[in-house]
Amino acid sequence: MSMQGKDPENFTIGQNDANGETDCVTDVGTPLIKADGVTYSYRNGEQVSRGVTDVSLSINRGEFVVILGRNGSGKSTLAKLLNGFLVPDEGIVTVRGIDTADDDKIFEVRSVVGMVFQNPDNQMVASVIESDVAFGPENLGVPREEIEERITDALETVGMEKYRKGSPNKLSGGQKQRIAIAAILAMRPEVVILDESTAMLDPKGRREIMDTVLKLKREKGMAVVLITHYMDEAIAADRIHIMNDGGIIASGSPAEVFGNEDAVRRAGLELPVAAKISLDLKKAGLDIGFALTDEELAEEICALK
Amino acid sequence: MKDISLGQFYPADSFTHKMDPRAKLVLVIAFIVMAFLAKNFLSYFAVLICVVSATLVSRIPIMKVLKSIKAIIFILVFTGILNLLFYNGETVLWQWWRIKISVEGIIFSVKMVLRLVLLVMGTTLLTYTTTPTAITDGMESLMKPLKYIKVPVHDIAVIMSIALRFIPIISEEVDKIMMAQKARGAAFDNGGLLKRAKALLPVLIPLFVSAFRRAEELALALDARCYNATPNRTRYKVMKFTWRDLVGLLGTAAFIVLVVALNNNFWGAYASPASVWWLFSV
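Protein chains in written order, with the numbering used here: chain A, 3 to 307; chain B, 10 to 291.
If we strip away everything but chain B, and leave its shape as in the complex, we get:
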């Protein structure tokens, strides 16, 4: 079995894997902004190129990235169909009662689905190339300025780190309790939804009891290791901003400029768009 605490992390020795987690977090935010900036198909295409090139640089198999879309397939179909049927467009193709399908509706829902797909592809690249621990470290470092408005940044980071640490332990415990209850004749996988939910109660209660007991011992262990002994806490791990991060940031910035430029047809640099061009720039 794969180590559950690593989440989606896909180990590889790539440009992106070696980047500073802070830079990657910033890039993901920039990417989300980029995906929302895109207006016409041409700029969507630019965002797609951005995701694909980032995937290639990360040495993650494209199929793996596409697989992440599977998780949101329901949302995609749902938003796609709703937008298709209820978009208030001009050029109506088919209408029945309040439901109508229009050219604008088709274009809008395709764009919507495309945007969601691109967003998921881009953001999963972060979790594929960065371990949860590194993400936590990066977030702590990025949130540091919040210290000045009395946000307990370090405590939050420790909480996140402990949560990550305990995910595999708790999941192992769930297995153990389920087996113990099965040995006592509990059935977890038959009956209706309500019955199944009820059957989980004898798992949840011991789980909570043990989680609280763990928390108590953990609190002592934190004290034993002088947690909060001094405000001048040091950090063992240092993150370094390297040329890779600079290249990544510049590249993403270039893509954002490109998307904005395509949105505006290069501000009329090309006087009259050809018909093919028009198709892409709706």
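Bound-form chain A, shown alone:
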């Protein structure tokens, strides 16, 4: 990428490109985002309602983390705490070692942690796609020639480069949301948080977003935090956290978490069909392993004697 050999004197926020190869060596093991004993409540006059209570988690480089929970479980509050939109009442959130409560460095935090929201229409500021994608880098003061390169790169990553000069109005929900992701990618963050970004999309749009997310992780080595209430989106995750009532009630790999029937039921979530069938079959007395995907289920069933 273009960022090599940057003069450290001229280092501005946002130019801290995800070319983490060199960085990585120095801080292997230190998580990108670390939340420690975070509590946050919403105050509306006298009324106080709990957002999240005593949550601790960390997001490492290149990791795909899914936070699952139903409406009101506190998962969106947690997302907003991770990039400094909200500052915890208790506990601390750090992004690359920077406290999100530090107002002077808030833009550095936000250029490292990009966030995509639920409604793609409400995230676009320009009527031409390339201008919209350029908005983030422009705000960060990236030089013109480099913005050009970043736009091309970001739109290619989400597979929307041929719409570059077009208007977002005629696109499908999935396409718009991919543009919104590209707009964040153009800022070259190291983590992308998708705050219920699939909730408003049809199944096709959801698949497009999931493919994009996996591509980001695989090809760009970026960390992705996906916040959702669809369990099937969590199958490919490296780690899952299930939230309920403002707290994390289960964490682990997909197989571990999905197998934790009690937590899934308490969180009011729905298991993917394959997982549900394999669990039910096991309960019915068949000697069958746990399956996450349809393929795994087919294999397990074929292996039955």
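Incorrect hints may appear among the rest.
Lysine-lysine pairs mimicking DSS-like chemistry, simulated, CA-CA at most 30 Å apart [said to hold, decoys possible]: (1) Lys167/A with Lys27/B; (2) Lys27/B with Lys172/A; (3) Lys107/A with Lys285/A; (4) Lys185/B with Lys206/A; (5) Lys249/B with Lys159/B; (6) Lys206/A with Lys219/A; (7) Lys191/B with Lys204/B; (8) Lys164/A with Lys204/B; (9) Lys27/B with Lys191/B; (10) Lys36/A with Lys107/A; (11) Lys27/B with Lys76/B; (12) Lys246/B with Lys107/A; (13) Lys164/A with Lys107/A; (14) Lys191/B with Lys107/A; (15) Lys120/B with Lys76/B; (16) Lys73/B with Lys167/A; (17) Lys191/B with Lys172/A; (18) Lys246/B with Lys167/A; (19) Lys107/A with Lys172/A; (20) Lys172/A with Lys185/B; (21) Lys159/B with Lys167/A; (22) Lys204/B with Lys172/A.
Read the hints as simulated data drawn from the structure, not as lab findings.
Fit chain B to the known structure of chain A by using the hints.
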């Protein structure tokens, strides 16, 4: 359906379409000045030639430009008739009470209508040849000097850009809400004016609620994209002042000189105007 956010933009590959939006904005202002400078029919004719040649250069069908006059037809008729009836002229042709029609009144109202028509034709050329986005960019760039007197030029530009972006979204939403209310038995197109205005209330309230919700999410999205992170913001799009803009500016300047010269009968270069000449130079 045509893309509503493009407004009147008429896509074509022409000299004017390729001009710098800043130059076009300046030209439109110059044109308005020109139209107000014109005094006699001869100079009006020069302004008309200017508009027609600009239209030809822009490759916009003349009919399309004429159509834009339809929008102000009411104003034209209104100002025309008022000026005709109430102009205080000398050579009275017909009089009743305070209303009188005079030769001067006829000439004045014809000029008035002509000026309005020319103004609309000239200014719509801007919106026909320039996308709203380009106009916004051009305005931002032209307003840049205002930064030194603490005018938030960039914020204004972002606001305009967002407004343009949301016009189609909000209009789509209006359709949706209207349909939802119709499904609940609301009637929007019968009854008197007051009743119809009242019927719109159940559309406006949900529209406002949703607009505020959108605004809230948009504010977060702007923050997420580090809006106002640094005062040294860069611009991706650069506008270039080319030979086209120079030609346009020189051409318009020439027309302004011509109009002024015609206003003054070339400062007496032609000693005694012929009678036909006189007719045009009232």
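> Honestly, which of those hints from before does the structure not fit?
Replying inline: 3, 8, 9, 13, 14, 19, 21, 22
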